[in-house]
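Construct all of the structure, not just a fragment, from the sequences and the given hints.
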Amino acid sequence: MKAHEFVLALFLVSAIAIAGLFYYFFLSSRQAADGGGVSNPTKKRFFFFTALAVVMIILLLVTIPKSPYFLFTGENPSKVVYVAAKQYSFTLSSSAIDPQNPVSTEAIELPAGQPVEFRVTSLDVNHGFGIYNERAELVTQTQAMPGYVNRLRWEFTEPGTYNILCLEFCGAAHSFMRTTFTVK
Amino acid sequence: MLQGVLTFILITICVASSFSKPGDYSLTEESRLYTKISDVELATAQGRFRLSEVYGQSPVMIAFIFTRCSGICSPFLLRLNENIKALSSKINFRVLVVSFDSADSLADMVALAQRYGLTANSQWLFATTRQINELNTSVGFHPVWDSTKRQYDHEALLVGVNENGYIVKKLTGIREPRDLLVMIKEINNDFVLSYPLPRKNMLFSCFTYNPATGEKKASLGLVVLLLPALITLLLLFWFSLKKQEANRAS
Amino acid sequence: MTTLSLKKITSAWIITILALFVLAIAFGITMRFNQGANINLDPAKFYSLLTTHGVTMIGIWAVAGMVAVNYLLARYVPVSTSLNVFAFILTVVGVVMLWVTTFIGHFHAAWTFLYPLPFYVAWEKWATPVFLLGLGVLGIGWFVWAVGMMLQILKKYSLRHTFAWQHLTTKHDVAVETPPFILITTVSLIGIIVCLLAAVVLLVLFFAEYFSSGSFVNDPLLMKNLTYFFGHTLANESLYLGLATLYELMPEVSGRPKFKTTWYVALGWNCTMVFVLTAFFHHLYMDFVQPVGFQMIGQLASYFASLPAAAVTAFSVMVLVFKNPIKWSLTNILFFLGVVGWLIGGVGALIDSTVSNNIFLHNTLWVPAHFHTYNAMGNVLFSLAFFNWAANEFVGNQNETKSYSLKIVLLLIGGFGFVLMFYFAGAYSVPRRYSVYPQEFTSAALLASAGAWFACIYLVVILWMFFDIVKKCFKVFSPSY
Ligand code: HEM
Ligand SMILES: [Cu+2]
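Chains as they are written, first to last, in the working numbering: chain A, 1 to 184; chain B, 1 to 250; chain C, 1 to 481.
Just so you know, the hints here were simulated from the structure itself, not pulled from any lab data. Among the hints, erroneous ones may be present.
Straight-line C-alpha distance at most 25 angstroms; calculated BS3-like pairs for lysine-lysine [what the hints assert, rightly or not]:
#	chain 1	residue 1	chain 2	residue 2
1	C	Lys156	C	Lys45
2	A	Lys86	C	Lys45
3	C	Lys8	A	Lys86
4	C	Lys260	A	Lys44
5	C	Lys327	C	Lys156
6	A	Lys2	A	Lys66
7	A	Lys43	A	Lys184
8	C	Lys8	C	Lys475
9	C	Lys45	C	Lys155
10	B	Lys85	B	Lys243
11	C	Lys475	C	Lys402
12	C	Lys260	C	Lys323
13	C	Lys258	C	Lys323
14	B	Lys243	C	Lys155
15	C	Lys258	A	Lys43
16	A	Lys66	B	Lys185
17	A	Lys86	A	Lys66
18	C	Lys323	C	Lys155
19	C	Lys155	C	Lys260
20	A	Lys44	C	Lys258
21	B	Lys185	A	Lys184
22	A	Lys43	C	Lys407
23	B	Lys36	A	Lys79
24	B	Lys243	C	Lys156
25	C	Lys323	A	Lys44
26	C	Lys260	C	Lys327
27	C	Lys8	C	Lys125
28	C	Lys471	C	Lys8
29	C	Lys407	C	Lys471
30	C	Lys475	A	Lys43
31	C	Lys471	C	Lys402
32	B	Lys185	B	Lys36
33	C	Lys258	C	Lys327
34	A	Lys184	A	Lys79
35	B	Lys242	C	Lys155
36	C	Lys156	B	Lys242
37	A	Lys79	B	Lys185
Now the structure itself:
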């Protein structure tokens, strides 16, 4: 199962569990008489809290190392792509982009199976830099903030045409701001 | 005579402009990144090495200069030396100063080292090479000989090479310690997620680099970010103090 | 003491908030139909609606919490009606200013007005300063009001007692008991004060740049941090105000003993106060320029902010209801369902606040999915519960006889159907804040239309409640009352 689907499934299962539990609590109150209620609630609360805390800590320990900040850091990218976002287009180039005259020189082609690096900035407002695969799944992303260059490293496993969509609201034509590159 | 005056004026302008914009980031910094540096043979006072023997031991920063330079080379080396001295010595890297002028002899380089008092400093290495064109090309450095000025027209260039011989960071011009720190991190394979672009000085920036520790340091902007919580705390304490006074009075 | 003037101003608030709510939902449905390609708005028009919807919704539900808390606070300490009225007037003025900028000035930089977008003017020139000023007007009204309430609480309770620190000691002979309502109200008001101050700083920096004509420039990173410090915190504190109301009213209308402040309640809420102030860092996960330490704090704070929420509040509601005879009414069923919506939205939030998930969820529809869950199906229900209770209070009759089951069933279908369409689209990477969807998102438009239709059902229920509640609220103004 892919991460997207896993996350959706996890959410739906939890949501249904919560809804089911509370429905059960609700039903239990309908036939209840005085003097019912939870026995020994403080103890149960403590167990509940502890269990939840343990789960959270495990989740933290598992997920934090997978944060994008720690991915591919010791590796040598095989290619650098410079990205300058500007209302409402992206300039992609394999050489550094002159802010005064941002031009994409050639179509970008990246190798599959090797780490590559995107150096992403914006020349006006905040933009987003979201990379989508051919199935329109968001693979990875970073923000394009004016004044800073964000370095996004990634290794594409599948060859194909990838779309870049703007993922930070940047004005009326935000949803039309896009470009593509290929992975071979 | 006229030629001499013109040369003097030109050089003055060159030097002045390089000083007026220290820390200028140039787009040429971004060329040849993540490519392997050419493994040239170096001649040094300690003997002949291949470049790979130098970076194979520890990451290295390579400064490109020539000894006859009447322009940027000496302020460049001076600042580099000062900045490195200011940094903590624990950081793992070496500095290789290499001449890109084939007229420079090893003796010239040794004299240069002496002038900066770096002869005995094992972190620094002064070298010439017979394969300078190859080296220049591999790092994307293009000095141009100006026969009127009898000088090379060139930018100050520092190239950061990691232990595998890959160019991971380049700095052009005379730069601040914080830029140097980014290079030191990078050549030690410590990934720096983001870097700022040159821009107008901002009063309330979030972070500046602390040259002493190599960490990002809170600057005025962070104080601004803390301000709301601080003011609220102060308000609370002020209220409760006032109340205590009122209680005591009554 | 609940005075007549307090009832009047509370009625005025309830009527205004519900009217604005109905309009804002209508804008929301319009947007969703546009995303569903059922209608075709000009993108600038769409984003004007988005801006209006966002700023109105955030505003009214923050203020609804304040209204409720103010009304109930009168049971414990004297409250100033004039501050309440002052806030009401400034809120109305502020909202009018904001709507004028979006509808007449075509301002559309979204309610987060992320720097430097408002300076890239694609609307009437005056709209940018008036929008910022409008926010300032709202902020001042609420700030003064919040500080006023805080002062009243501190007049009666010492600092130690407002935070219920005496309950944290092992000695059980607690001389002064801090009611949970006071504790949670304090915690929330402090949060509100902090985030309004952040807004002030943000606005000052905006205006400094605006009037300096280029000699003063802001740091986009600092501005983004401030934006979410303000925005995220305000949205969260609104919910906590709703919970304060729940703690006070839910046992009461259920015919059960009041909630007590115990050590874990005190500890939980004190922790929440701290965590919630740093959780906003999760809005900047994809800004790699933010120091990694802050990113880690963001995930830690987001995770641990949910612990006291679940182990204290949700568990207490469970204990209240489980196998206990409850007098169910519309009021407490709304509270009860609000808790469910809040928890489900919380799960969605928790998933998104994990950095390794955020990389493919950030700025997708997953974000509006989870915050609409804990707003439209959480906080709104807490406030509606209060509105319903207050309206009954105004007419002096808490024993409603009308059946509410159809309302509830429709509310659940409409509300959860609406947010579920967001979740599906979000999991499949459909970006948020898109006026129309690119073709490659094959089912995005369909999901949007479905969401819009579900929202229509939700709107019907809201209108239904609106008439019931408002009818009673108007009674307060009649001369014979
Ligand atoms: C059933 C009623 C509602 C409908 C139909 C609705 C609809 C929408 C839609 C379509 C969007 C744009 C989503 C996107 O593409 O990014 C949106 C955004 C938003 N909604 Fe709602 N919404 C409803 C209720 C609420 C409530 C109760 C709140 C309370 C706080 C709220 C607050 C917001 C906010 C803050 C945004 C973000 C605006 C932005 O991105 O700038 N909405 N809503
Ligand atoms: Cu954009």
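Hint check:
For the hint linking Lys156(C) to Lys45(C), the alpha-carbon distance of about 50 angstroms lies beyond 25 angstroms, and the restraint is violated. Between Lys86(A) and Lys45(C) the CA atoms are separated by roughly 21 angstroms; this keeps the pair inside 25 angstroms, and the hint holds. A distance of roughly 51 angstroms separates the Cα atoms of Lys8(C) and Lys86(A); the hinted pair therefore is violated under the 25 angstroms criterion. For the hint linking Lys260(C) to Lys44(A), the alpha-carbon distance of about 17 angstroms falls within 25 angstroms, and the restraint holds.
Proximity of Lys327(C) to Lys156(C) is assessed by CA-CA distance (about 33 angstroms); at most 25 angstroms being required, the pair is judged violated. A C-alpha spacing of about 15 angstroms is found between Lys2(A) and Lys66(A), which places the hinted pair at or below 25 angstroms, so the restraint holds. Between Lys43(A) and Lys184(A) the CA atoms are separated by roughly 59 angstroms; this puts the pair beyond 25 angstroms, and the hint is violated. Restraint check for Lys8(C) and Lys475(C): the C-alpha separation of about 9 angstroms stays at or below 25 angstroms, so the hint holds.
Between Lys45(C) and Lys155(C) the alpha-carbon distance is near 49 angstroms, which puts this suggested pair outside the 25 angstroms criterion. Between the alpha carbons of Lys85(B) and Lys243(B) the distance comes to roughly 56 angstroms, so the proposed pair goes past 25 angstroms and is violated. For a cut-off of 25 angstroms, the pair hint linking Lys475(C) to Lys402(C) stands: about 19 angstroms separates their Cα positions. Restraint check for Lys260(C) and Lys323(C): the C-alpha separation of about 19 angstroms stays at or below 25 angstroms, so the hint holds.
The hinted pair formed by Lys258(C) and Lys323(C) meets the criterion: a straight-line CA distance of about 17 angstroms does not exceed 25 angstroms. At most 25 angstroms may separate the alpha-carbon atoms for a hinted pair to count; Lys243(B) and Lys155(C) meet this at roughly 7 angstroms. With a C-alpha separation of about 20 angstroms, the suggested pairing of Lys258(C) with Lys43(A) holds against the 25 angstroms cut-off. As the CA atoms of Lys66(A) and Lys185(B) are separated by approximately 21 angstroms, the hinted pair is consistent with the 25 angstroms bound.
The hinted pair formed by Lys86(A) and Lys66(A) fails the criterion: a straight-line CA distance of about 30 angstroms is larger than 25 angstroms. Simply put, Lys323(C) and Lys155(C) have alpha-carbon atoms about 40 angstroms apart, too far for the 25 angstroms limit, and the pair is violated. Taking the CA atoms of Lys155(C) and Lys260(C), the gap is near 22 angstroms; set against the 25 angstroms cutoff, the hint holds. Distance hint between Lys44(A) and Lys258(C) is fulfilled; the C-alpha atoms sit about 20 angstroms from each other, no more than 25 angstroms.
Distance check on the hinted pair: Lys185(B) and Lys184(A) sit about 32 angstroms apart at the alpha-carbon level, beyond 25 angstroms; violated. Among the hinted pairs, Lys43(A) with Lys407(C) is inconsistent with the structure: their alpha-carbon atoms are about 37 angstroms apart, more than 25 angstroms. The hinted pair formed by Lys36(B) and Lys79(A) meets the criterion: a straight-line CA distance of about 13 angstroms does not exceed 25 angstroms. A threshold of 25 angstroms between alpha carbons decides the hint, and for Lys243(B) with Lys156(C) the separation of about 9 angstroms falls inside it, so the pair holds.
The suggested pairing of Lys323(C) with Lys44(A) holds, with an alpha-carbon distance near 15 angstroms, which does not exceed 25 angstroms. Proposed proximity of Lys260(C) and Lys327(C) is supported: the alpha carbons are some 20 angstroms apart, at most 25 angstroms. As the CA atoms of Lys8(C) and Lys125(C) are separated by approximately 39 angstroms, the hinted pair breaks the 25 angstroms bound. The straight-line distance between the Cα atoms of Lys471(C) and Lys8(C) is roughly 13 angstroms, inside the 25 angstroms bound, and the hint therefore holds.
For a cut-off of 25 angstroms, the pair hint linking Lys407(C) to Lys471(C) stands: about 17 angstroms separates their Cα positions. Taking the CA atoms of Lys475(C) and Lys43(A), the gap is near 48 angstroms; set against the 25 angstroms cutoff, the hint is violated. Of the supplied pair hints, the one linking Lys471(C) and Lys402(C) holds, its CA atoms being roughly 15 angstroms apart against a limit of 25 angstroms. Restraint check for Lys185(B) and Lys36(B): the C-alpha separation of about 18 angstroms stays at or below 25 angstroms, so the hint holds.
At most 25 angstroms may separate the alpha-carbon atoms for a hinted pair to count; Lys258(C) and Lys327(C) meet this at roughly 14 angstroms. With a C-alpha separation of about 13 angstroms, the suggested pairing of Lys184(A) with Lys79(A) holds against the 25 angstroms cut-off. At most 25 angstroms may separate the alpha-carbon atoms for a hinted pair to count; Lys242(B) and Lys155(C) meet this at roughly 10 angstroms. Between the alpha carbons of Lys156(C) and Lys242(B) the distance comes to roughly 13 angstroms, so the proposed pair stays at or under 25 angstroms and holds.
For the proposed pair Lys79(A) and Lys185(B), the alpha carbon gap of about 20 angstroms is at most 25 angstroms, so the pair holds.
When held up to the earlier numbered hints, the structure conflicts with 1, 3, 5, 7, 9, 10, 17, 18, 21, 22, 27, 30 and fits the remainder.
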